[in-house]
Amino acid sequence: MSERRTSGPEATAELEKELTRIAWRVERWIDPGPSAVVAGAAVAAVTASLLMPWSDRYAGWQVLAGHAGMGPLPRLFTLVAVAGLVVSVLALLIRFWPLAWAAATISAVGALSGLWALWSQQTSAADADIGPGLVITVLGFCILFATWARIVVAAHPRAGKTPPA
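If you're matching positions, the sequence shown starts at -1 in the numbering used here and goes up one per residue.
By construction, these hints were calculated from the structure, which means they are not laboratory data. Heads up, the beta-carbon is just placed ideally off N, CA and C, and yes, glycines get one too. A few of these clues could be false.
DEER-style ranges, computed between Cβ atoms [as the list claims (entries may be wrong)]:
| # | residue 1 | residue 2 | range |
| --- | --- | --- | --- |
| 1 | P130 | P70 | 19 to 29 Å |
| 2 | E16 | P70 | 46 to 56 Å |
| 3 | A63 | E16 | 46 to 56 Å |
| 4 | P96 | G64 | 23 to 33 Å |
| 5 | A39 | L13 | 20 to 30 Å |
| 6 | V87 | W114 | 17 to 27 Å |
| 7 | L91 | A63 | 25 to 35 Å |
| 8 | G67 | G38 | 30 to 40 Å |
| 9 | V80 | L17 | 40 to 50 Å |
| 10 | L113 | V151 | 14 to 24 Å |
Using the sequences provided together with the hints, build the complete structure.
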């Protein structure tokens, strides 16, 4: 039952190989640090803004459910917003680098589609209006994108590395 330990080049090569495997696994995890508080606050603000009025007649949840007649762009924005919230919360909880990257990407799409939804409401018929919920949601996604982009760039694993055997 005794293990035979050898010293020399074989043991050094095996140790180096094991350390490389461990480092590769560790590099795939992120530590957002204080940025996690900013991302969490933005997630809370976006979640609250879905309950706020997006126009004089409709709240964000009504747009999400399809009960509002605000047009297709605000509806698309609510769908992207929910996806961004889910992925952001998962990335904050799990701290896996690919999830953080997905949160950054969806937040960028959310910020752009939110600005597009604001623009569509501003340039549509004269009776169209913009409520505070829509503005807060767009600002929240801009903050989420900036935060996730900073986290992803700071924690980027080494490119071109494949998992060691």
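For each hint, the structure was consulted:
1. P130 x P70: 19 to 29 Å: 22 Å, holds
2. E16 x P70: 46 to 56 Å: 54 Å, holds
3. A63 x E16: 46 to 56 Å: The hint (46 to 56 Å, Cβ to Cβ) holds, given that A63 and E16 are roughly 53 Å apart.
4. P96 x G64: 23 to 33 Å: Check passed, 31 Å falls within 23 to 33 Å.
5. A39 x L13: 20 to 30 Å: Between A39 and L13, where Cβ atoms are some 44 Å apart, the hint is violated.
6. V87 x W114: 17 to 27 Å: Given about 24 Å between the Cβ atoms, the range holds.
7. L91 x A63: 25 to 35 Å: 26 Å, holds
8. G67 x G38: 30 to 40 Å: 33 Å, holds
9. V80 x L17: 40 to 50 Å: 42 Å, holds
10. L113 x V151: 14 to 24 Å: 22 Å, holds
Of the numbered hints listed earlier, the single one contradicted by the structure is hint 5.
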